[in-house]
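The listed protein sequences correspond, in order, to chains A and B. Mapping of the first sequence onto full-length UniProt numbering: residues 1 to 404, in sequence order. Mapping of the second sequence onto full-length UniProt numbering: residues 1 to 404, in sequence order.
Derived by calculation from the structure, the hints in this document are not laboratory data. Just so it is clear, the structure is predicted and the values come from calculations on it, not from any experiment. Among the hints, a few may not be true.
If chains are identical, the list can't say which one is meant, so a pair holds when it fits in one copy or spans any two.
Unchecked claim - Calculated cross-link-like contacts (lysine-lysine; reagent style DSS-like; alpha-carbon spacing at most 27 Å):
no.: 1; residue 1: Lys286; residue 2: Lys3
no.: 2; residue 1: Lys22; residue 2: Lys364
no.: 3; residue 1: Lys286; residue 2: Lys10
no.: 4; residue 1: Lys307; residue 2: Lys58
There are 2 protein chains.
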Amino acid sequence: MFKVNENYLKLPGSYLFSTIGKKVSAYQAANPDKQIIRLGIGDVTQPLAPAIIEAMHKAVDEMGHAETFHGYAPDLGYEFLRSAMAKNDYQDKGCDIQADEIFISDGAKCDSGNIQEIFAADSKIAVCDPVYPVYVDTNVMAGRTGTYDAKTETWSNVIYMPCTKETNFAPVLPEETPDIIYLCFPNNPTGSTITKAQLQEWVDYANRVGAVIIYDSAYEAYISESDVPHTIYECEGARTCAIELRSFSKNAGFTGVRLGATVIPKDLKSGDVMLHSLWARRHGTKYNGAPYIVQRAGEAVYSEAGKAQLKDQVAYYMNNAKTIKQGLKDAGYNVSGGVNAPYIWLEVPKGMTSWDFFDYLLEKANVVGTPGSGFGPSGEGYFRLTAFGTYENTVAAIKRIKEM
Amino acid sequence: MFKVNENYLKLPGSYLFSTIGKKVSAYQAANPDKQIIRLGIGDVTQPLAPAIIEAMHKAVDEMGHAETFHGYAPDLGYEFLRSAMAKNDYQDKGCDIQADEIFISDGAKCDSGNIQEIFAADSKIAVCDPVYPVYVDTNVMAGRTGTYDAKTETWSNVIYMPCTKETNFAPVLPEETPDIIYLCFPNNPTGSTITKAQLQEWVDYANRVGAVIIYDSAYEAYISESDVPHTIYECEGARTCAIELRSFSKNAGFTGVRLGATVIPKDLKSGDVMLHSLWARRHGTKYNGAPYIVQRAGEAVYSEAGKAQLKDQVAYYMNNAKTIKQGLKDAGYNVSGGVNAPYIWLEVPKGMTSWDFFDYLLEKANVVGTPGSGFGPSGEGYFRLTAFGTYENTVAAIKRIKEM
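In isolation and in its complexed conformation, chain A is listed as follows (with noise of 0.2 Å):
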C-alpha cells in the first residue's frame, strides 16, 4: 500500500499567498461594490519594456520557421543569456564569476526551492526571521525541521535570525553552527539590507565554520545606495561559500515570464565534490530549461536599450515605496525598508496582530498587504506593502490609509 511524504502533512496552513488570495476573494465576493487595491503579494504591475517584448517577437518568428526553430535548450541555459549575465552582473562590477558557473532556470523561486535537493538530509538550515516562505517551507518538505512549535511557529530543527527593529532588522551571526544559511538582501519581506562590509562577516563567518550561503538577490536592482552590495561575489571569498540566487521578476518585470538563474562557482566543494555537479546533474535529470524564446527575452534585459527601459521601470517603483514610505509616516506610522527595495515594512498599531490589520486594512480601506507573521514568528507585529502597484493605485491606496 503506498504511502505520502509526512513531511508534508507537518506543514501548518497553506502557503502565505494562497490564503491572502483566498481571503481576498472572498472579501470581493461579499462586496462586489469595492475597488481593492493589492499591494499584497509582490507581483508586478508595469507592462513589459518594449525591447523585450521586440525580442519575444523576433524569437516567436524563429521557432515559426524550420531553419531557426529551438528544440531542447543547452542543460544550463543558452550561452546567449549566461554571458550576458556573466559580464553584466558580474564581470562589469569585478566580481569572477563565469558564464559555465550560471544555470539558466524558470525562476528564482524554483531555484530557492529545489536547491536544498542537493544537500545532505540532516542539514541544519539558519534563516533570517521574517523571510520569504520557501526557504523553510520546502525544507519542512524534505525532512529537514523537526517538528513544528504551533505555538511559537517554529520548527525545532531549524535556526532562526531575528530581523526586527532591535537588530536594525539585520541578522546576527548564529550561536549554534548552521549548513546552510539563507540570505536574502535586498531583503524580503523588510525591505531592509546590509552594507558590503556587514555581508563580508558573513562570507568570512561561512568559510570559518564550513557552511554555505544561499544568497538571494532577487531585489539587487533597487539598490540606491552605494555601500550595499548588488551580489555576493563582491566579498572576497565568497566563491568558496556561497551560492547566489537571481531572478528576472523584480527588475525587468518577468513575474508571468518566468526566468532565473543561479550561481554556483566551481570552487565551492564538499572535499573533492563540487556542488556546481551536482546542481548540473539535478539540471540535467529534473528539468528541460526554459523557453528558447524567454531567455531571448533575458538576453534583451541586458540590450542598451533595455537596460535603459528597465532602469525608468525601476525608478517608477521606487517612486511608488518612496509615496508610500512618506504617506505612513505623515499617518502616523514607524516604518521602514523602501529605499533600496520595492517593499515597505511598518509596524502595526499597538493592541493588533499582523492579520488583525490585514484584515482592518482590507475592511477599512479596501486595501490588501501582507501580514509580518505570514514570513515567520519575527514578523509579528509588522506589515508588509509593495511598491509594485500603478502610482494612481499607489496614491489612492496610501489616501484611503490616512483616512482610515
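Fit chain B to the known structure of chain A by using the hints.
Chain B only, in chain A's frame:
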C-alpha cells in the same frame, strides 16, 4: 561543515543524453567535414504550427500593455488551458477528468522527476526495463533505490519489469508488490504499446494491491491503432490509482517551448489524504507556473486550426517512422515500434553491445541513435531511432545505414 546529498554520488556516469551529446561533439570536432544526422535524442525538428505562432504573438503583445499584462499565473495554471485539456483530452473521450484536477507545468520531464517527492521515502518503485532514465534517476536522488550493482546495472530496491521481444515489449505484473508503478505507453524507448484491455489489468492490479500508477502519455498523439488507449482514464477505476503525465513536446513540438501537465484525480487518496492536495502544495511552494505566453500557445493546440496543423505534423513524423522501419527491415534488421509511436526499436547485430552499435553507426554512417542499454539492462542489444528528424535527413540516414 555542510554535507552533500550522497545519493547524487551513487548515480553512475552522467545522464544518457549528455553522454551522447559529448560523444557526438567529440566526433564532429575530430571530423569537421562529416554531415552528422541526429536520430538520437527525441527532439523535434518541425517548426511550431502557424496557429501556435499566431497565439504567441498575440500573447506577447498583451504582455506589452498594462491593461493586458499578466504577472504570476494561478497556482494550477490558467483556467483557459486546463479547461481545453479537460474537454479535449478527457471529457470528449468519455473520461471523467475535471479542469481542477489538471496542473499545468513546464514539461513532463520536470513533472516525472518531481512527482516522487509526494511519496514516502521508503516507497518501492517498479519500472519497465528499458525505460526513460528520469524515473529511476530521480528516485536514486531521493534515496529510494538501495545500492547499485554495476555488473547487472540495476538498483537493489527497484522492481524491474523486463520488456523485451520475449514479453512482446510489454511488462508483466511483478511478483513483488510495488508502491509506485511507472508506465509509459506508447513507450519510450521501445515504441511499443499495450491495448486498453491490457492497461485495464494494470489498473485493476494497482487498485487491488494499493499501488499508484504514474502514467506517462507523452506520445499518445502518435497512436494509430484503435484498441490502444489515449489516456489511462479510459480504464475503469483509474481515478483511484493513477496519475497521468502529459506533454506538449511531441504532439505540438514544444521541446523548446516547455509545457506539460499532471492529472491527479481527487479520488486518489492515502487514507484521508488526497494526492491532489499534496501536489497542489508542491506547486504553490516550489513552482511559479508556466509562462502566460506558453499557456496561450498550449491553448492554441486545441483550436480547430491548431488541431488540423498538428495532425499534419504528427503524420509527417509518422511517415518518417514508416520510412525508418521499412528501411531497416530491408537492411535485414529486426525492428519493432513505429506504429503507435515515433520510435523505432531495433536489435543490434549479434556480437555487438548497444554502445558498440552507437559508435559503429556514428563512425560508419554518421548517424546518431540511442543505445538501448542507456534505458536499462534489458535494453542491452537494442537501439532506438527516432522519427523526429526531417524527411530528407531520415531518408539519407536510412540510405547510409543500408550501405554500411
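The hints, checked one at a time:
1. For a Cα distance limit of 27 Å, the shortest separation of lysine 286 from lysine 3 qualifies both inside one copy, at 22 Å, and across copies, at 21 Å.
2. In this assembly of identical chains, the alpha carbons of lysine 22 and lysine 364 lie at most 27 Å apart only when taken from the same copy (18 Å versus 63 Å across copies).
3. In this assembly of identical chains, the alpha carbons of lysine 286 and lysine 10 lie at most 27 Å apart whether taken from the same copy (25 Å) or from different copies (16 Å).
4. When the C-alpha separation of lysine 307 and lysine 58 is checked against a cutoff of 27 Å, the pair qualifies both within a copy, at 19 Å, and between copies, at 24 Å.
In this structure, none of the earlier numbered hints is contradicted; all agree with it.
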